[in-house]
Amino acid sequence: MNGVHDMGGMQGFGPVEPEENEPVFHAPWEGRALAMNRTMGALGLWNIDIGRFFREQLPPDVYLGSSYYRKWILGLEDLVVRYGLVGEDELAAGHTLHPPAAVKPKVTVAEAPKLLSRGSFERPATAPARFKAGDRVRMKNMHPEGHTRLPRYVRGHVGTIECVRGCHVFPDAVVAGRGEEPDWLYTVVFDGHELWGENGDPTLKVSVEAWEPYLDTA
Amino acid sequence: MTIDQHTHGHDHDHGDYDRGDHDHGSEVSEMQLRVRALESILTEKGYVDPKALDFIVDAYETKIGPHIGAGIVAKAWADPDFKRRLLDDATTAVASLGVASGRAVHLVAVENTLARHNIVVCTLCSCYPWEVLGLPPVWYKSAPYRSRAVIDPRGVLADFGVTLPAETEMRVWDSTAETRFIVVPMRPAGTEGWSEDKLAALVTRNSMIGTGLALTPAELAKAGT
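Protein chains in written order, with the numbering used here: chain A, 1 to 218; chain B, 1 to 225.
Calculated directly from the structure, the hints in this document are not laboratory data. Keep in mind it's a predicted model, so treat the numbers as computed, not measured. Just so you know, even glycine gets a beta-carbon here, dropped at the ideal spot from N, CA and C. Among these hints, one or two may not hold up.
[What the hints assert, rightly or not] Calculated pairs, DSS-like style, for lysine-lysine (alpha carbon to alpha carbon, straight line, at most 25 Å):
| # | chain 1 | residue 1 | chain 2 | residue 2 |
| --- | --- | --- | --- | --- |
| 1 | B | K45 | A | K104 |
| 2 | B | K198 | B | K51 |
| 3 | B | K63 | B | K45 |
| 4 | B | K141 | B | K63 |
| 5 | B | K63 | B | K75 |
| 6 | B | K51 | A | K104 |
| 7 | B | K75 | B | K51 |
| 8 | B | K198 | B | K45 |
| 9 | B | K83 | B | K198 |
| 10 | A | K114 | B | K51 |
| 11 | B | K222 | A | K106 |
| 12 | A | K106 | B | K75 |
| 13 | B | K198 | B | K63 |
| 14 | A | K114 | A | K104 |
| 15 | B | K51 | A | K106 |
| 16 | A | K114 | B | K198 |
| 17 | A | K114 | B | K222 |
[Said to hold, decoys possible] A partial selection of chain B residues facing chain A, derived with a Cβ cut-off under 8 Å:
| # | residue |
| --- | --- |
| 18 | P80 |
| 19 | V162 |
| 20 | R171 |
[What the hints assert, rightly or not] Footprint (simulated), chain A over chain B, 3 or more residues, beta carbon under 8 Å:
| # | region |
| --- | --- |
| 21 | 55-68 |
| 22 | 71-79 |
| 23 | 186-199 |
| 24 | 216-222 |
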């Protein structure tokens with residue numbers, strides 16, 4: 001989806017403004033937002049890719065006008081409604097109106113430490129890798145309406161495979177409802193001039209992590 | 001369940017709960033109420049245990065942060081064999097240390113040199129190596145950084161007060177998959193023979209993202225006064 005979340009190379013957002021002595025959370029609700037997303041995700045109804053896609057689907061003005069954790073809460077509200085866990089009427093009322101859905105048992109304190117690290121996204125290969133380090137590849141010029149992890153700024157451009165990362169869960173497939181469809185993941189590196197033209201920084205090299213279905217032979 | 005964006009749209013009315021734009025001040029109070037309501041619904045329905053939420057919040061506030069990454073970098077500076085293993089396979093090398101966050105999967109360590117400066121970004125969302133750096137700062141998740149790091153990294157560095165030689169390669173890593181990157185900054189001069197603990201104090205969070213450099217001994221002394 002060519003959304004506002006796909007920000008690489010956009011201009012006009014102004015300078016980066018680091019905050020001195022920034023706290024971990026700027027308000028207590030931010031910590032709760034983070035922890036609720038982690039524990040609700042552990043129920044196993046959606047994975048990280050689906051969570052991302054729900055945030056990407058926020059209206060552009062809401063996406064750009066909301067803090068990070070506000071986007072997480074808006075996305076989580078949409079997820080719990082979409083997966084039948086909470087009614088929209090309950091969100092509007094601010095309290096429970098219906099019985100709960102049948103889901104896995106909630107994450108207990110004893111299990112919570114497991115949520116501090118992620119599980120592996122690597123899967124056994126089902127076919128040999130099509131590319132190897134050093135191969136030249138062209139990124140597909142594709143514009144799916146669904147979820148993809150191929151940023152706009154590299155589409156159609158030629159880069160070089162720098163590393164083969166193994167076979168990983170393919171986000172586009174998961175969000176489309178086709179299951180994990182694991183595929184080969186590569187680090188593909190581009191010259192600055194290839195991406196940004198002759199006035200680009202001559203010392204710049206940018207890499208993305210790209211799944212094999214994003215790549216064509218150059 | 002198939003996620004079809006056409007059935008899940010934002011064209012529908014969300015009843016009484018507003019989703020519009022808010023300035024930051026009103027966001028705080030609005031969000032406190034909104035998040036409290038959501039937590040009470042999820043708790044009443046038995047989907048979350050507030051004590052598990054407390055545990056996670058406390059872990060990120062007190063246990064998991066950039067000090068973990070700083071320890072890893074200091075060890076790499078002090079121990080050439082560990083540095084080789086870290087650059088070869090960071091997940092396995094970090095697992096051998098036993099960090100508070102547990103296992104850091106798909107972790108990749110990239111080394112700054114005089115010839116190459118590495119910078120990490122996630123243009124599509126805000127992917128960040130939580131297990132070794134904790135939660136990302138607001139600027140890392142902001143539109144200015146996500147948009148500009150891949151097209152004008154030297155301009156971004158200037159926002160942080162960092163200027164590098166014109167011939168140094170700018171190597172930007174866009175974290176578009178579940179791989180996560182940590183930068184091993186250059187070891188400052190004048191630190192020969194320092195202990196790992198002392199070296200770790202030089203390793204700032206930003207130096208491990210690539211928007212800063214490790215502190216020099218003089219900068220450390222100044223920061224400590």
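State whether the coverage of the region 55-68 of chain B by chain A holds or is violated, taking the criterion as 3 or more residues with Cβ-Cβ distances under 8 Å. holds (count 8)
Holds or violated: B/K198 with B/K51, Cα cutoff 25 Å? 36 Å, violated
Is it true that the CA of B/K75 sits at most 25 Å from the CA of B/K51? 35 Å, violated
Do the alpha carbons of B/K51 and A/K106 lie within 25 Å of each other, as the hint requires? Judged against 25 Å, a Cα distance of about 11 Å means the pair holds.
Are the Cα atoms of A/K114 and B/K222 separated by 25 Å or less? 39 Å, violated
Take a quick look at whether B/K141 and B/K63 sit within 25 Å of each other, Cα to Cα. 21 Å, holds
Under the criterion that the straight-line Cα-Cα distance not exceed 25 Å, is the pair B/K63, B/K75 satisfied? Distance of about 19 Å is within 25 Å: holds.
Next pair to validate is A/K106 with B/K75; report whether the Cα-Cα distance is within 25 Å. 38 Å, violated
So is the region 186-199 of chain B in contact with chain A by the C-beta rule, three or more residues under 8 Å, or is the coverage claim wrong? violated (count 0)
25 Å limit on alpha-carbon distance, applied to hinted pair A/K114 and A/K104: Holds. A/K114 to A/K104 sits at ~16 Å (cutoff 25 Å).
Are A/K114 and B/K51 close enough, with their CA atoms no more than 25 Å apart? 15 Å, holds
Would the pair B/K45 and A/K104 pass a check requiring their Cα atoms to be no farther apart than 25 Å? Holds. B/K45 to A/K104 sits at ~12 Å (cutoff 25 Å).
Violated hints for the displayed structure, listed by number in ascending order: 2, 3, 7, 8, 11, 12, 16, 17, 18, 19, 22, 23 and 24.
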